[in-house]
Each structure stands twice: as structure tokens, then as C-alpha cells.
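Build the full structure now, drawing on both the sequences and the hints.
If you read the protein sequences in the order shown, they are chains Z and W.
Heads up, the first sequence is in the numbering used here, so the first residue is 1 and it goes up one at a time.
Heads up, the second sequence is in the numbering used here, so the first residue is 1001 and it goes up one at a time.
Calculated from the structure, these hints are not laboratory results.
Backbone N, C-alpha and C fix where the C-beta goes; we use that ideal spot for every residue, glycine too.
Any given hint could be a false lead.
Said to hold, decoys possible - Taking lysine-lysine pairs in the DSBU-like style, the calculated list, with each CA pair at most 35 Å apart, reads:
1. Lys-1223(W) to Lys-1122(W)
2. Lys-1426(W) to Lys-531(Z)
3. Lys-1303(W) to Lys-531(Z)
4. Lys-1299(W) to Lys-531(Z)
5. Lys-1420(W) to Lys-531(Z)
6. Lys-521(Z) to Lys-1426(W)
7. Lys-508(Z) to Lys-1426(W)
8. Lys-1223(W) to Lys-508(Z)
9. Lys-268(Z) to Lys-1426(W)
10. Lys-1423(W) to Lys-531(Z)
11. Lys-482(Z) to Lys-1423(W)
12. Lys-1420(W) to Lys-1223(W)
13. Lys-1299(W) to Lys-78(Z)
14. Lys-268(Z) to Lys-1299(W)
15. Lys-482(Z) to Lys-1426(W)
16. Lys-1384(W) to Lys-531(Z)
17. Lys-78(Z) to Lys-1119(W)
18. Lys-207(Z) to Lys-508(Z)
19. Lys-1122(W) to Lys-1299(W)
20. Lys-1426(W) to Lys-362(Z)
21. Lys-340(Z) to Lys-482(Z)
As the list claims (entries may be wrong) - Quick list of simulated restraints, FRET-style, between CB atoms:
22. Gly-1249(W) to Asn-432(Z): 23 to 33 Å
23. Arg-1239(W) to Glu-479(Z): 22 to 32 Å
24. Val-272(Z) to Glu-1145(W): 48 to 58 Å
25. Ser-381(Z) to Ala-1156(W): 24 to 34 Å
26. Arg-224(Z) to Lys-1420(W): 48 to 58 Å
27. Thr-1209(W) to Pro-108(Z): 46 to 56 Å
28. Gln-522(Z) to Gly-1249(W): 21 to 31 Å
29. Ala-1156(W) to Glu-151(Z): 57 to 67 Å
30. Asp-164(Z) to Glu-1145(W): 54 to 64 Å
31. Glu-1028(W) to Gly-470(Z): 54 to 64 Å
32. Arg-224(Z) to Glu-1183(W): 45 to 55 Å
33. Ala-1453(W) to Arg-183(Z): 28 to 38 Å
34. Asp-1225(W) to Gln-246(Z): 51 to 61 Å
35. Glu-1307(W) to Phe-74(Z): 38 to 48 Å
What the hints assert, rightly or not - If you only want the chain Z side, here are some residues facing chain W, beta carbon under 8 Å, derived:
36. Ala-122
37. Leu-302
38. Tyr-304
39. Asn-449
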Amino acid sequence: MTVSRRDFVKIGAAAATLAALPRPLRADSGRAQSLSHGMADPERRSLAMRALDAATGAGAVYADVRLTHNWTRFLYDKDFMDGESMEVGVRALVQGYWGFASGPVWSPDEMARLGREAVHQAKTNALGKSRVVNLAPAPAVQNGSWVMPVEIDPFEISPFEIMDYLRGLGIFTGNVKHGASLRASEAFFTKQEKAFASSEGSYCTQKLYTGSGKLVTNLERDGRNDSRAVDLLTVASVGWELFTGQPLRDAIRQAIETSERDLKLPVKPVDVGRYDTVVDALGVSGLLDDTLGRATELDRALGYEANAGGTSYINAPLDMLGSYSAGSPLLNVTGDRSAKGGASTVKWDDEGVTPDEFTLVKDGVLSDFQTTRESARWLESYYSRGNHPVRSHGCANADSAINAPIQHAPNLVMRPGREALDFESLIAGLENGLAITQLQTDMDFQHLNGLGLGRIYEVKKGKIASIIGGGGVLFRAPELWKGMHALGGSASTRRFGYYAAKGEPSQKTCHSVTAAPAAFKQLTLIDPERKA
Amino acid sequence: MSRNRDRLVRLDDSHRILSQQECDAIAERVFRLAQGGGETRVRIGSWWQGELRWGRNRVSLASDRRDVFLNVTRGLPFGPHGGCSTNQFDDVSVEAVVRAAERQRARSNQPPPAAYLPKLPKLDLPNTAIWSDASYGATTETRGELARTIVDSAEAKGMLSAGYAEVRAASYAELSSAIRAGEPADYENPYTAWTQAQCSMTVRDPQGTGSGWAGHSSYDWSKIDGAALADQALDKCLRSRNPVGLEPGRYTVILEPQAVADFMEALIAQIWLGRTWAEGGNGPFFLTVDSALGVARTKLGLKIADERISLSHDYADPALGVVPELGMGTSPISWIDHGVLTELSYSRDYALHELGESYGARTPAGYRMSGGTTTQDEMIQSTKRGLLVTRFSNISMLDPRSLLSTGLTRDGLWLIENGKITKPVKNFRFTESPLFMLNSIEQLGPAVPVFRATDLQGGSGRLTPAIVPSLKVRDFSFTSLVDAV
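Below is the structure:
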């Protein structure tokens, strides 16, 4: 800023004038000026090596270290909040026991302390009964460097431009129709520079991004309101193009029009019973994430998460792999952390593994689990039967180096159907039944039994006839997927981002789920508010 | 290294969280860097955690973690504010965060505060039990030894134990340049340090037909009896195997203290949100003004629960130590008194402007619920047909007007017939309101400390102790069978 800000803001009233200044005068305030001293290679690399040397010197048979530098920016129409942090975490393996130590200080002495502390933590527990950790092989990544390709780095543009943009969407929404407004408009961006090194000779650095947002439209008619969230802004590995590269105004207009239609539809009470049901792509992605997405986490299936989120209905992995019928033959699910834009996409995971694309469910049959280097070995007998190599699928993850990496969900992809069906044509093919949008699922601690709430429509002769007021659907995961009898085609497939918490202490990461709309047989419609 | 890194925080075994002197020194550095007048407010926090996690009868991770936090706000009196956060305390980083806050202040669109509250009088913070040397001193060796005892007892019976033990220390201070310079500003939050500890476990049989849980949290590690918890979880697991399915319906239930505490959270959250919120007509919520229903007043002063129910907090109660909330009254507080809703939290701002009082009313961060004298055995003996519930899980609210919620039973559910526990029962989904529970009480057990996750309310990582009785409640509504274990 060319005007001396010190002079300017000394006078309190002047601040108000400042807010009214034309844009160009504010141009300099845009680029993110790093809050922290930061650090680049070779200094960062030498810190990493210092930590590894301390850990192996203290007796670790394997050690790895992560150094993360995070930027966060949360914005809404009136203000924004910036945060920045740096962390380092060292993990050490001694006689089958893991120790971990982490902190915020990037100095050579602290690296040595953390390396020794991680070993100390591991050794203390190695006093107990024997435990075997036999890490699945992973080729060392030497001098890897990767920058996630995003079109517009959200930290390189002015936060005020983003706030203006959000305000602009609010004004636009108000002009779509009388009674229309934007109830919420938010944007959240993260950037992370991460260095990983292991005692097996890996050293790699990555720059990763996520972007997400929230736009909630509302239409008021005769004292009644209908709100809905624009579903284009769930978390993804993208930059500011999440907003500018998508037809948000069309989506807002469509949301308002859907609200207008829904407010005109008759509202019927719940007629408890079983109905064939069509669910939109968002709902199917949520169902997939909350059932098979959680149930195929190998550590969860084996009971390691029992005291936290719970276990899995796929509870005997080695007996069930290759034979368990997880759903109808239409059901094909893969996991990957490599697809461009996927919310959990990385070049290397938190163990330095290059993630592969792997098949979790093939033609309805369970064929693999989400794994790390430690847990991949637990499936060795299954892999060797099929002549598959024992390898991690690259699912080790934690949001920052303060947290120890555990197995988190990869991006999940459900293969679309062969026919060119979409939500509307699936409804058209339904004589009588239900259609659901804005579905939210509430699962039990084995991800087996679910309650789904959302906008439930009655479908008659292939057309939406009314809204079921206050309805919900009950389902069991295996029957749900076995009853999936029609699936939208590739043009109807959409990708959505989800956050998921796991572990003790709880840690949260994000991933994407790609799915098409689908038709399910015989879900149970209930009034969730009716007591027994 | 070229940058000035001599101000890095030093953290080692003997020094795991920031001291008061360090926080003061950091604040002074920030204050000196500020340009352009006005108030500089710093919030400085730090935490350390020693953790141990186990699964399938072996420790899966032992960890030692710590972090620090600095938030700087720059604001003009009655003018805009801007704020920014970092966890780096070197000179370069600290100056950068001050400048960022100033840049943001210069363009903030946030409406400035209309007026400052009168300066908070110097207040002696209550003497409350929030620091335990036993927690701070619990080493990884201590935790490891405990975990071995716990898993050995499960393994000896052929069961699988998974669990988590954690000790934590944390500090927080919020300091203002204006307070120090005698300029307009209402308060500083003096340096406070506290400890936390928790241990919980789930024991399952290898076939996955039974599951038992036990857990406890306290500021004081020495108050947690891990071996006793292990016995409880194992016993529940063994007795819960091969459950039978019952028809959903209304049952008399004996809710163990943990189940009662789990279900109380919905009501606690409403008290937490408090008066301003309830009176503001912020949507159709139980305690609030509700124009759609023609309800013009909050539930304050009305009887909302059985007259045997009171909900209170006293800083002097050593089992209820919480980090003092600044600007709030320190005398004992009662939110529910013999069934009557007597208080909702309110801010100092509300106290000054609406009530003409000096201090606000604190939140139920910690609370004691009144209990009775009926033992669990006596409750069972007096039950012709009913269910014994260990705890609830996955609770979500369906109707905020009545607090009607749905959720699941978890880790131990038994049928009681003719005064005796007869068989384990498959889990249920329930559809019920905590207010119904509080108005359908047949018997109350002694109130005891329960496990309460620190992030349930407010997510601040502060202490949230709760003392809760078991309750025998009639006509509790179970709406569907859930065959998950």
C-alpha cells in the first residue's frame, strides 16, 4: 500500500473511508505473505535426516519423519481468517512396536529429541508380549518432488476478491426470484508443503491443496422456506477454480427452481412400508462412503478401531475376501489416491508409497481392503493365493505431522452402469416408489444398519407426485447393495468430497467418492420421529 | 541458517507446555511490533499429550505430541479488527503475523464493536481442581504397564481388547496491550494451565458376538483405575455374547450413568447456548421463544424435569474442576433446581445490559446431576421386565423443539425378567427425548463421575467433568433392531 497505513489508521474514522476505496488501491493486499519463516531444501532435508539418524541411532529398525507446513484460509462474505503452522512428526519401529513424537519446532536439536523420543515410546511398549510388524515392501523414493496441479493457487489471490465474489453470488441469488436468498456463502482453502523421509532411503516433497465451499440457497414463499445446499463445492484437491471454473450461478438458479417446485408439491404423511427407491448421485456417494467405504478399512475390520468409531460388518477379512457377496453384480468399487482433483490425492502417501488404483469390490464380490505398509501384510495369504504382490495401497495419511499416520479412506469410485440412465430416467422407470435427494445417512458402529434422512419424494407412474413429510428410510448395507438393480451411466456420474474422522485421538482427513444415481429395491420408509 | 531462529520455543521432557513467563514475553514481543495504535490482543496456547493406543491385545502406538498456538488480533477502538494465527514464535514469524493482522484490519468488513464493556474488575479466580502432578508426571512407562495389565486380563479369557489412554497438559492466556496501557478494553484472560487424563477400552470376543466398554476421564490420572475398568469391560463382553433379538417397543430401562450422561448432552448443549440465544428466537428449539407455536418466552422458570433432578456446578467441588470462564460469576450455580429450569448461561455483556449484574453465568462445562440411593442391583430386583443399558452411541437430534433424538445402544444390553438379568439382547435404535427420560424416572442411583469426551461441547480441549446417576426410566422407546455388535 502506497499511502502510509500508519498515518491512515491512526484516525479511527479513516478506516471507514478505507472500506469504500475502489478495488485497485487494495490490489497489494492479495498475495499471501507467509506468516512463518518457512524452510526449503536443503535445510529441510538436513532436518529430516537429523531426525532419522537420531531414531536409528537410538535403536529403531525403521523410522520415518514428516515435516508439514500448512496454510489455511477460511472466508465468508464479510471477513476471512488465515492460519499457518509448521509441524514435525517422527515415527519409529522397535521390535514390532511403534512410537511417535511430534511438535511445532523445526530445529536440529528438536529433530534429535523427537527421533529419540519416538524410539523411547516404542521401546517402552516392546517390553510386552511379542508383536510382529513386517512392512510390505515399497521402493524408496529418492529426491521425489511434486506440486499438485491446481489452476489458481487460492493463496496467491486477494482474499478480498474472494469475499467480493461471495457477496456477488449473494446479490445474484437475490435477483433470481422474489424471496430467494443465499443463507450461507463460505470458502475454505488449504495448502500444505510436506516433506517425507524414511530410514529406507526415501526423501520426497509435495505441495498439496484442498478447496471447499458452502452455498446454501433459500426460497421463501407464503411464509414457507425451502433451503438447499449447492452440491458443487464439496472438498476436492483444487484451487480457486473450484468456484470460478464451475457453473455456480446456473446451480444456484437450479436450486431455487427446485425449491419453487418443491414448495408447490403436495406434502403427504409417511405411509410406513417397503418401497423401491431411486437415489441421486450425491446420495449414492454418501451411501457408498458410509457402508463399504468404512467397512473395507482393514484396521477397522480387524478391531483396531473398536474403541473409537467401531468395527466393520465385513468382520472376517481373510475368510470373506474373494467370496463375500457385498452387493449386486452391478457393484464395482475401486480405491485410488492418484486421480486428479480427488480430495485424498497425493503423489506419495505418508509412508512414501506411490498409491495404486485397486479394486475393493468386483462384480459384487469383495476383493480387497484399504491398506498401509503394515496392514497389507495381514492379507499376505490371500494375496499369495491369487499371485498378487503384497503391497500397500497407499492409504497411510494424517492431516499434519502433529498426528501419526493411520489408514484413512482413499478416493472411492463406483463404476457407472452401461446404459445411459440418469436420475430423471431412473425415476421415469419407477412405477411406484420413492426418490431421494439431499440424503444424509446415520450408520451404526459396524456400518451395517442405516437410517437415511433427506428430501423424500413419492414417485407415481414414473413422475414425482408429492413430498413425504418428515420421512426416513431404514436399510441394512448388504441388502441395500444386493438390491441395487439399476445404475446411472457415466454421464450421470459425479464426484463429491467427504471428511472422515478416525482414530484415538481423533483425526480428520478428506477423500472423494464418485458415484452415479441408482435404483434400490425395497427400502423401508418410516417416520423417524415416531416413537415406539 | 540465515533467519533469526533464536526465539524458537524450547520444549523438552521437563518443559512441555508454555509457562506464564514465556507467554508474557511472547506477548511483549508482539505488543512492541504493533504499528498504528489501537489494541493488540494475543491468545497464546500450548498443549502436550502422552498417548497409548492398543488393539487386538497389543499396543499399536505410543506417542508424545505437543503444539503451541499464537493468535494476534489488531484492532482500533470502536474500529475494525483483524486477526491471524501461527504456531511459530521466531521473530520473523511473529512479525509476519502482526503485519497480517494489521493488513486484515485495514480492510475488514466486520462491523466494529459498538462499545467496550467496562473493564473487568480484577477478580480472584476460583480455586478449582484442574492441575494434577500425577497426570503431568504419568510417563509412557506408566501407561505401557497399565496397558499390559489391561490386555493381559482380556487375553487370558481369549478376548480382544482395544483402547486408549491419554494424559494431557495445556495452557492458555489472552493478553491485551490496551489493558496494560490503561486504554479501552474489557479484559485479559490470565495464564491458566490444566491437566486432563482419560482411559477407555472395548473388549470383544474374537467371533464378534459380544462387546463390552468401560472408560473414565478426570483431570487427575491417579483417579483412573485402569485395572478396574478392564475388569468391567471384560465382564460386560463375556456376558454380552450371543445376544437374542427382541421386538422393538417401549421398555422400562435401567440406564447406567454413562448412558444417562450420553443422552444428557442434547440438553446440556441448549443450556450452554444460553439465554441470549434462547431469547433471540434462533429457530425452533426446546428452550427458546417460538413464534410459530405462539411461545413468547423461554422455558426459564418452568418445571422441565422430575423434581428429583437438579443440575449444578460448584468450583469448590474437587470432582468438578473446570477451567474458570472469565467474566462469569464464581459462586455455585444451579441450572436445574428440583426439576425447575433456573438458569441458562449468559455472557457478561448480557449481564451488564439486560440484568444490571456484573458477571455472566457460566456454561455447564462441568456439571453434577443429582442422584439417589437406589443401587443398580435394587433397580434390577424391582424390575419385572426391562432392559439394562451400558451406554448410547451415534446420537443425533431429530426434532429440536422436543429434543427428540435417535441413537443406538452399544457395548452391553441385557433383558431383565422378574428381578434378574436373564439374557444379552441385540442392540436397538431408540427414538426418545432426554426430557422424556427426565420426566419418567422411577428410581435414581448414586451420582458418579463418568467418561466425557473433551470435545463434546465447545471443542476447546478444556475440562468437562460430569457426575451423573444411573436412572430407572419407564416406557423408553426403542424403534428398531440393530444387529451390529
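So, going through the hints one by one against the coordinates:
{"no.": "1", "hint": "Lys-1223(W) to Lys-1122(W)", "verdict": "33 Å, holds"}
{"no.": "2", "hint": "Lys-1426(W) to Lys-531(Z)", "verdict": "19 Å, holds"}
{"no.": "3", "hint": "Lys-1303(W) to Lys-531(Z)", "verdict": "23 Å, holds"}
{"no.": "4", "hint": "Lys-1299(W) to Lys-531(Z)", "verdict": "24 Å, holds"}
{"no.": "5", "hint": "Lys-1420(W) to Lys-531(Z)", "verdict": "27 Å, holds"}
{"no.": "6", "hint": "Lys-521(Z) to Lys-1426(W)", "verdict": "26 Å, holds"}
{"no.": "7", "hint": "Lys-508(Z) to Lys-1426(W)", "verdict": "31 Å, holds"}
{"no.": "8", "hint": "Lys-1223(W) to Lys-508(Z)", "verdict": "30 Å, holds"}
{"no.": "9", "hint": "Lys-268(Z) to Lys-1426(W)", "verdict": "33 Å, holds"}
{"no.": "10", "hint": "Lys-1423(W) to Lys-531(Z)", "verdict": "25 Å, holds"}
{"no.": "11", "hint": "Lys-482(Z) to Lys-1423(W)", "verdict": "33 Å, holds"}
{"no.": "12", "hint": "Lys-1420(W) to Lys-1223(W)", "verdict": "32 Å, holds"}
{"no.": "13", "hint": "Lys-1299(W) to Lys-78(Z)", "verdict": "34 Å, holds"}
{"no.": "14", "hint": "Lys-268(Z) to Lys-1299(W)", "verdict": "32 Å, holds"}
{"no.": "15", "hint": "Lys-482(Z) to Lys-1426(W)", "verdict": "24 Å, holds"}
{"no.": "16", "hint": "Lys-1384(W) to Lys-531(Z)", "verdict": "22 Å, holds"}
{"no.": "17", "hint": "Lys-78(Z) to Lys-1119(W)", "verdict": "28 Å, holds"}
{"no.": "18", "hint": "Lys-207(Z) to Lys-508(Z)", "verdict": "19 Å, holds"}
{"no.": "19", "hint": "Lys-1122(W) to Lys-1299(W)", "verdict": "34 Å, holds"}
{"no.": "20", "hint": "Lys-1426(W) to Lys-362(Z)", "verdict": "32 Å, holds"}
{"no.": "21", "hint": "Lys-340(Z) to Lys-482(Z)", "verdict": "31 Å, holds"}
{"no.": "22", "hint": "Gly-1249(W) to Asn-432(Z): 23 to 33 Å", "verdict": "30 Å, holds"}
{"no.": "23", "hint": "Arg-1239(W) to Glu-479(Z): 22 to 32 Å", "verdict": "30 Å, holds"}
{"no.": "24", "hint": "Val-272(Z) to Glu-1145(W): 48 to 58 Å", "verdict": "54 Å, holds"}
{"no.": "25", "hint": "Ser-381(Z) to Ala-1156(W): 24 to 34 Å", "verdict": "28 Å, holds"}
{"no.": "26", "hint": "Arg-224(Z) to Lys-1420(W): 48 to 58 Å", "verdict": "54 Å, holds"}
{"no.": "27", "hint": "Thr-1209(W) to Pro-108(Z): 46 to 56 Å", "verdict": "53 Å, holds"}
{"no.": "28", "hint": "Gln-522(Z) to Gly-1249(W): 21 to 31 Å", "verdict": "24 Å, holds"}
{"no.": "29", "hint": "Ala-1156(W) to Glu-151(Z): 57 to 67 Å", "verdict": "60 Å, holds"}
{"no.": "30", "hint": "Asp-164(Z) to Glu-1145(W): 54 to 64 Å", "verdict": "59 Å, holds"}
{"no.": "31", "hint": "Glu-1028(W) to Gly-470(Z): 54 to 64 Å", "verdict": "58 Å, holds"}
{"no.": "32", "hint": "Arg-224(Z) to Glu-1183(W): 45 to 55 Å", "verdict": "50 Å, holds"}
{"no.": "33", "hint": "Ala-1453(W) to Arg-183(Z): 28 to 38 Å", "verdict": "30 Å, holds"}
{"no.": "34", "hint": "Asp-1225(W) to Gln-246(Z): 51 to 61 Å", "verdict": "56 Å, holds"}
{"no.": "35", "hint": "Glu-1307(W) to Phe-74(Z): 38 to 48 Å", "verdict": "46 Å, holds"}
{"no.": "36", "hint": "Ala-122", "verdict": "7 Å, holds"}
{"no.": "37", "hint": "Leu-302", "verdict": "7 Å, holds"}
{"no.": "38", "hint": "Tyr-304", "verdict": "3 Å, holds"}
{"no.": "39", "hint": "Asn-449", "verdict": "5 Å, holds"}
Comparing the model with each earlier hint shows no violations; every hint is respected.
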